[in-house]
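Chemist: Chains as they are written, first to last, in full-length UniProt numbering: chain V, 1 to 419; chain W, 1 to 419.
In case anyone wonders, no lab produced these hints; they're calculated from the structure. One should not assume that every hint holds.
Heads up, the list lumps identical chains together, so a pair's fine if it works in one copy or across two of them.
In the DSSO-like style, the derived pairs of lysine-lysine whose C-alpha atoms are separated by at most 27 angstroms in a straight line are [stated by the list, open to error]:
#	residue 1	residue 2
1	K135	K218
2	K135	K44
3	K44	K173
4	K336	K173
5	K166	K111
6	K405	K336
7	K111	K405
8	K218	K405
9	K82	K44
10	K412	K82
11	K405	K217
12	K336	K135
13	K173	K82
14	K218	K173
15	K111	K135
16	K405	K166
17	K412	K44
Here's the letter readout for the chains.
2 protein chains.
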Amino acid sequence: MPTRIEADYLIETAYDPRWAAEAAAGEQSSGTFVPVPGETPELKQRSAARTETLEILGTSSSPSLPGAGGANGSDTTFQRAKVTLSWPVENIGPSLPNLVATVAGNLFELKQFSGLRLLDIRLPDAFADAYAGPKFGIDGTRRLAGVADRPIIGTIVKPSVGFGPKETAALTKLLCEAGLDFIKDDELQSDGPACPFEDRARAVMRVINDHAERTGKKVMFAFNLTGELDQMRRRHDLVLELGGTCVMASLNSVGLVGMIELGRFTELPIHAHRNGWGYLSRSPMLGWSYVAWQKIWRLAGADHMHVNGLSNKFAEPDDSVVASARECLTPMFARKPCVSMPVFSSGQSAKQVPDTYAALGSADLIFAAGGGIMAHPDGPAAGVASLREAWDAALTRVPLADYAKDHAALAKALETYAT
Amino acid sequence: MPTRIEADYLIETAYDPRWAAEAAAGEQSSGTFVPVPGETPELKQRSAARTETLEILGTSSSPSLPGAGGANGSDTTFQRAKVTLSWPVENIGPSLPNLVATVAGNLFELKQFSGLRLLDIRLPDAFADAYAGPKFGIDGTRRLAGVADRPIIGTIVKPSVGFGPKETAALTKLLCEAGLDFIKDDELQSDGPACPFEDRARAVMRVINDHAERTGKKVMFAFNLTGELDQMRRRHDLVLELGGTCVMASLNSVGLVGMIELGRFTELPIHAHRNGWGYLSRSPMLGWSYVAWQKIWRLAGADHMHVNGLSNKFAEPDDSVVASARECLTPMFARKPCVSMPVFSSGQSAKQVPDTYAALGSADLIFAAGGGIMAHPDGPAAGVASLREAWDAALTRVPLADYAKDHAALAKALETYAT
Numbered sequence: 001m002p003t004r005i006e007a008d009y010l011i012e013t014a015y016d017p018r019w020a021a022e023a024a025a026g027e028q029s030s031g032t033f034v035p036v037p038g039e040t041p042e043l044k045q046r047s048a049a050r051t052e053t054l055e056i057l058g059t060s061s062s063p064s065l066p067g068a069g070g071a072n073g074s075d076t077t078f079q080r081a082k083v084t085l086s087w088p089v090e091n092i093g094p095s096l097p098n099l100v101a102t103v104a105g106n107l108f109e110l111k112q113f114s115g116l117r118l119l120d121i122r123l124p125d126a127f128a129d130a131y132a133g134p135k136f137g138i139d140g141t142r143r144l145a146g147v148a149d150r151p152i153i154g155t156i157v158k159p160s161v162g163f164g165p166k167e168t169a170a171l172t173k174l175l176c177e178a179g180l181d182f183i184k185d186d187e188l189q190s191d192g193p194a195c196p197f198e199d200r201a202r203a204v205m206r207v208i209n210d211h212a213e214r215t216g217k218k219v220m221f222a223f224n225l226t227g228e229l230d231q232m233r234r235r236h237d238l239v240l241e242l243g244g245t246c247v248m249a250s251l252n253s254v255g256l257v258g259m260i261e262l263g264r265f266t267e268l269p270i271h272a273h274r275n276g277w278g279y280l281s282r283s284p285m286l287g288w289s290y291v292a293w294q295k296i297w298r299l300a301g302a303d304h305m306h307v308n309g310l311s312n313k314f315a316e317p318d319d320s321v322v323a324s325a326r327e328c329l330t331p332m333f334a335r336k337p338c339v340s341m342p343v344f345s346s347g348q349s350a351k352q353v354p355d356t357y358a359a360l361g362s363a364d365l366i367f368a369a370g371g372g373i374m375a376h377p378d379g380p381a382a383g384v385a386s387l388r389e390a391w392d393a394a395l396t397r398v399p400l401a402d403y404a405k406d407h408a409a410l411a412k413a414l415e416t417y418a419t
Numbered sequence: 001m002p003t004r005i006e007a008d009y010l011i012e013t014a015y016d017p018r019w020a021a022e023a024a025a026g027e028q029s030s031g032t033f034v035p036v037p038g039e040t041p042e043l044k045q046r047s048a049a050r051t052e053t054l055e056i057l058g059t060s061s062s063p064s065l066p067g068a069g070g071a072n073g074s075d076t077t078f079q080r081a082k083v084t085l086s087w088p089v090e091n092i093g094p095s096l097p098n099l100v101a102t103v104a105g106n107l108f109e110l111k112q113f114s115g116l117r118l119l120d121i122r123l124p125d126a127f128a129d130a131y132a133g134p135k136f137g138i139d140g141t142r143r144l145a146g147v148a149d150r151p152i153i154g155t156i157v158k159p160s161v162g163f164g165p166k167e168t169a170a171l172t173k174l175l176c177e178a179g180l181d182f183i184k185d186d187e188l189q190s191d192g193p194a195c196p197f198e199d200r201a202r203a204v205m206r207v208i209n210d211h212a213e214r215t216g217k218k219v220m221f222a223f224n225l226t227g228e229l230d231q232m233r234r235r236h237d238l239v240l241e242l243g244g245t246c247v248m249a250s251l252n253s254v255g256l257v258g259m260i261e262l263g264r265f266t267e268l269p270i271h272a273h274r275n276g277w278g279y280l281s282r283s284p285m286l287g288w289s290y291v292a293w294q295k296i297w298r299l300a301g302a303d304h305m306h307v308n309g310l311s312n313k314f315a316e317p318d319d320s321v322v323a324s325a326r327e328c329l330t331p332m333f334a335r336k337p338c339v340s341m342p343v344f345s346s347g348q349s350a351k352q353v354p355d356t357y358a359a360l361g362s363a364d365l366i367f368a369a370g371g372g373i374m375a376h377p378d379g380p381a382a383g384v385a386s387l388r389e390a391w392d393a394a395l396t397r398v399p400l401a402d403y404a405k406d407h408a409a410l411a412k413a414l415e416t417y418a419t
């Protein structure tokens, strides 16, 4: 574990990359543009950020982002490099909000760079002492969902808006009976006047508790409590009181202080939704890598982290999805792993299961499908069965086509879903 | 004022732009990929997002962002358009966190788009009723800073890290004596072990209160209280108790729930720092326009909003800076304007003053300079004087060069600072 805060960046610059990196280090620590009364070399040295390593990766003939300096006619080359900066933890103390201002603050706007992306961060143990991390993680989620050795099979309430509490509860009943382990609210539905949180939670939990009494299986429902602090507290307490087993929050809506508070008071796993992730990441030479970003939220308490899915309906390529999911399962600190359960979703069906398992090497995930369940020709129960069968096949290393020979739901799914 | 929530986007797509816009509207409201039991046309219609207007702007021969669909060989053209979507406020109620998930959620990742940027939002009056907006704004800030008719002249404590409480207080003393109206902590310095917030606040306020007793002028100091909720509360209360007149928070560190809480409990103006803004905005066909983004934070309570400065040291062009600053002064609602004071900073000196005033048409701003004050050859007091003189000239429509003839500090500044 590092004794300093470390951050890796992908940079692109028309200047000498080492000079540009030093400029970023200065901007984000004790640099001043003009000498200031009272500053001394010792004082600046104590707090200065350092360039730890710099590796040239290649060149580009045009700048990835506008506004950069240093270009000198049409023959300018823009060098790309991976650079690691480090800071003394004493600059900020083990504070997540201040960490963000330090590793992801003003430096994205510096004229020295025609591209800058935060790839990864590594934190001293002081951060592990200061934050609780996920309170439930994999084991706690498995215990509450009653699923031991295979992925948790999930789905989402759709349409995300339009349904009132009654319609949501009716759909939940159907989904419970279809054999799902996990159901989540959509990120667009929290406490809309047409579907108030309290009414929805009561109606849904009545269905889930009835089903649990009849079958012994309590389906995990992630109630979207995204809102202001007092609202989140009240909604959390209501879900807990009703016997619910999960709450959901939109990270970019709630923000870091909201998530830290939720992480501290929650007595239920937090299903963390990353909607808005696109604006943080989709420009390849700007913003955040998920590898860096998810560490902040895991430390704050996220038990489940959305990672998109293979062959998804969004713009993200598969290798990025796989890197995100693996990272969620990689311990952050030796004595506090802060492991979150990755949530695969978006256009998922039985077809993606073998590749997902091969890429992740683990069954510790939530595998969520919408159309992959609801559009199964034999109905939602067959949809769920097809996913269970696909995972049984993957976990026992049997090709899907072979397993489908005597598993009808899977066979029909493989015919139905083109990926 | 609209009765629905409206959002304007700049989009780029290889598909029919109207179809792509409808896909975004569906994704962000009642769209489902497969028919779902219980949904009805009435129910979907009630909640559906609508495309209000669509204006084709032009074409591009290559996609701005990777991962988009619809390209069909090398002769694909990508059309750009400005599109306005709208939602019934009943979908979410007047909730800022849920607004963000709705107007800035999953849509940035849709394959339909090779570019998508949120340009502006317009909110129904229900939002004005639900949030307080800035508690101090221009009038409250002017009253507390004791500056009536001209811009508030400010600077920043640098080096941002390295100084302990004693050094910070010593610099503050120098800056008070130099005639500044406003001083701010750097965004990198909140409560580091080498410069604890409480010690810094006590040391600095001793200097500021002494200066006020001697001169009658209480300099406004924006103490960076960025941190967790309880920390922010304690720090705010301490500043208030010590007679301080401003607190500062980094918006991207604190997040929306944190800022809403701070906005509710604060009894002091909130100086809102936008560090990290680059990762939200620097890719021209992705992310957020400041025009949209700053509305969220003003409604949550930001009294001062950073807007960069003309001829700044960052990558942002001047027209963008001007648009941001003007927007901060534009009322959001007829009965609750939520006007924030724009903060100009980054490489500012007397030279930029006339253009800044010409562009903004208002003296309701904080004009902050570092080197533009500290590097003045005749010292910081002359640096402050040069800015005051430059603003006197601009406000009375006298060219700087003329005014400099009998204003020595300004004359020296114009020689010294190349912009």
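Chemist: Next step is simple, just say for each hint if it's right about the structure.
Modeler: Now for the hints, and whether the structure bears them out:
1. With identical chains, the CA atoms of K135 and K218 are at most 27 angstroms apart within one copy only, with a shortest distance of 20 angstroms there and 47 angstroms across copies.
2. Proximity of K135 to K44 under the C-alpha cut-off of 27 angstroms is found in neither arrangement, the shortest distances being 39 angstroms within a copy and 38 angstroms between copies.
3. For the identical chains of this complex, K44 and K173 are inter-copy neighbours only, at 21 angstroms across copies versus 63 angstroms inside a copy, given an alpha-carbon limit of 27 angstroms.
4. Proximity of K336 to K173 under the C-alpha cut-off of 27 angstroms is found in neither arrangement, the shortest distances being 38 angstroms within a copy and 45 angstroms between copies.
5. Taking CA atoms no more than 27 angstroms apart as the test, K166 paired with K111 passes in neither setting, with 55 angstroms inside one copy and 33 angstroms between copies.
6. For a Cα distance limit of 27 angstroms, the shortest separation of K405 from K336 qualifies neither inside one copy, at 45 angstroms, nor across copies, at 67 angstroms.
7. Proximity of K111 to K405 under the C-alpha cut-off of 27 angstroms is found in neither arrangement, the shortest distances being 61 angstroms within a copy and 35 angstroms between copies.
8. For the identical chains of this complex, K218 and K405 are neighbours neither inside a copy (31 angstroms) nor across copies (82 angstroms), given an alpha-carbon limit of 27 angstroms.
9. In this assembly of identical chains, K82 and K44 lie within 27 angstroms of each other by CA distance solely inside one copy; the values are 25 angstroms within and 48 angstroms between copies.
10. In this homomeric assembly, K412 and K82 never come within 27 angstroms of each other (Cα to Cα): the closest approach is 47 angstroms inside a single copy and 43 angstroms across copies.
11. Neither within a single protomer nor between protomers do K405 and K217 lie at most 27 angstroms apart by alpha-carbon distance, with minima of 29 angstroms and 85 angstroms respectively.
12. In this assembly of identical chains, the alpha carbons of K336 and K135 lie at most 27 angstroms apart only when taken from the same copy (11 angstroms versus 42 angstroms across copies).
13. Within a single copy, K173 and K82 get their C-alpha atoms no closer than 51 angstroms, and across copies no closer than 42 angstroms, so neither meets the 27 angstroms cut-off.
14. For the identical chains of this complex, K218 and K173 are intra-copy neighbours only, at 12 angstroms inside a copy versus 64 angstroms across copies, given an alpha-carbon limit of 27 angstroms.
15. Taking the shortest alpha-carbon separations for K111 and K135, neither the intra-copy value of 42 angstroms nor the inter-copy value of 35 angstroms comes in at or below 27 angstroms.
16. For the homomeric pair K405 and K166, neither the shortest alpha-carbon distance inside one copy (40 angstroms) nor that between copies (77 angstroms) is at most 27 angstroms.
17. For the identical chains of this complex, K412 and K44 are neighbours neither inside a copy (67 angstroms) nor across copies (30 angstroms), given an alpha-carbon limit of 27 angstroms.
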